[in-house]
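Peer 1: Sequence:
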Amino acid sequence: MKALLVLGLFFITVTNNAQANLIKNAGFETELLNWRGEENATISPYDKKSGKNSCTITQYVGAQWKAVDQIISIPKNTAAIELSGWIKTEGVEKGENIWNTGKFDIEFLNSGEKGIKNESIASVLGTTPWSFYKKIITVPAGASKLRVMLALGQTNGSIFFDDLKAVPISQEQMDKVQQEENAKNTVAASGSQTAVLSNTDFENGTDSWRGNATVSTTVFKEGKAALVLNSSTFDWVGIDQIAVVPDNATSITISGWLKSDNIKQGKEVWNNGLFNIEFTGTGDQKTGDQNIAFVTATTDWTYYSKTFTLPAGTKKYRIMLALGFASGTLYADTLSVDFK
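Numbering (the working numbering), first residue to last: 19 to 358.
Hint data in this document are derived by calculation from the structure and do not stem from the laboratory. Be aware that a few hints might be false.
Have a look at the derived ranges for each label pair, beta carbon to beta carbon [claimed, not checked]:
(1) Tyr-78 / Gly-55: 17 to 23 angstroms
(2) Thr-300 / Thr-236: 17 to 23 angstroms
(3) Thr-268 / Ala-159: 23 to 29 angstroms
(4) Gly-55 / Gly-130: 16 to 22 angstroms
(5) Pro-158 / Thr-236: 20 to 26 angstroms
(6) Ser-250 / Gly-109: 34 to 40 angstroms
(7) Gly-223 / Tyr-64: 49 to 55 angstroms
(8) Gly-241 / Val-262: 24 to 30 angstroms
(9) Asn-280 / Ala-159: 19 to 25 angstroms
(10) Tyr-78 / Asp-265: 42 to 48 angstroms
(11) Tyr-64 / Pro-329: 23 to 29 angstroms
(12) Asp-265 / Gln-303: 54 to 60 angstroms
(13) Glu-108 / Gly-301: 37 to 43 angstroms
(14) Gly-69 / Asn-136: 47 to 53 angstroms
By construction, the Cβ of each residue, glycine as well, lies at the ideal position given by its N, Cα and C atoms.
Modelling step: build the complete structure from the supplied sequences, incorporating the hints.
Peer 2: Structural data, given as structure tokens:
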């Protein structure tokens, strides 16, 4: 059962917690030591996720690029890296380009520190509370170093960072966890709160989902099928599913695997491949919404995970996957929801 793979990824996280975080001074407890571009950032001892400090980048006018970065070495035999961190924003403005946001990005480098591949861990707009972002990214061929970038990407506002992590995952670890979880296929997932949604692996086509979509039996992350959304025009194409929030839950973690093929952005900055959640209360009154992932261009299977505090009065949540007035193809597989 593909839901178990997601649980396996959480087990990877637990295992990797015992390993060294590749990012130095990742919680900014020694201010901006080990970070380059310190003139672009300040330390906040008042607004932080944990510990003594957080890092903040602020710009009121000018919409210039302001960033700090750190280059780290990738250990040998690393198949993937789990990137994560906590981010908060205040009034980050939408720019003309999709990348004009508050940013937590990485760039894979070769031994000569020439760029091989860029990836976005988080792209944030507006005002948001402390939110947890996580992505597991395969290390591309030829990469031996990683550049971690925290930035305002030619936009105005304030962005805070804290408790960043870059944890290496070996191929052996990935294979071992997957084998162990596949061996547990007879264990029912109904006892876990990650199984609140139905047909999250799309093995039963689009059963339990509303909207116009199909499944692919040739392109998938696990099992035998994955959701596929396709549009040659800049229209809204998507599906959704509504479920109930358990009593006494205070936070929600939404996870899943996405892949894209030639997704072209529409007129607005949010016109991309979308993985969103909407919260509602009594009488289906909206209490909030959040984005788990924006996807554009062509990307391989990538794992996305975000944790949000549930808005006051929330009774239900709605998971949405869509091409939001964008063209191209979006694939989704192995979704998971967990409450605390």
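Peer 1: Determine for every hint whether it applies to the structure shown.
Peer 2: Cross-check of the supplied hints:
Roughly 19 angstroms separates the CB atoms of Tyr-78 and Gly-55, a value that falls within the hinted 17 to 23 angstroms. Between Thr-300 and Thr-236 the beta carbon distance is about 44 angstroms. The supplied range of 17 to 23 angstroms is therefore violated. As the Cβ distance of Thr-268 to Ala-159 is approximately 43 angstroms, the hint placing it in 23 to 29 angstroms is violated. At roughly 21 angstroms, the beta carbons of Gly-55 and Gly-130 sit within the given window of 16 to 22 angstroms.
For Pro-158 and Thr-236, the Cβ-Cβ distance of about 24 angstroms falls inside the hinted range of 20 to 26 angstroms, so the restraint holds. Roughly 37 angstroms separates the CB atoms of Ser-250 and Gly-109, a value that falls within the hinted 34 to 40 angstroms. The hinted range of 49 to 55 angstroms is satisfied by Gly-223 and Tyr-64, whose Cβ atoms lie roughly 51 angstroms apart. At roughly 26 angstroms, the beta-carbon separation of Gly-241 and Val-262 lies within the given 24 to 30 angstroms, and the hint holds.
Taking the beta carbon of each, Asn-280 and Ala-159 are about 22 angstroms apart, inside 19 to 25 angstroms as hinted. Against the hinted window of 42 to 48 angstroms, the Cβ-Cβ separation of Tyr-78 and Asp-265 comes to about 43 angstroms, which satisfies the hint. For Tyr-64 and Pro-329, the Cβ-Cβ distance of about 24 angstroms falls inside the hinted range of 23 to 29 angstroms, so the restraint holds. Take Asp-265 and Gln-303: their Cβ atoms lie about 19 angstroms apart, and the range 54 to 60 angstroms is violated.
Look at Glu-108 against Gly-301: about 31 angstroms separates their beta carbons, and that is not inside 37 to 43 angstroms. Distance hint for Gly-69 and Asn-136: a CB-CB separation of about 29 angstroms, inconsistent with the stated range 47 to 53 angstroms.
Going down the numbered hints, you'll see the structure goes against 2, 3, 12, 13, 14, while the others check out.
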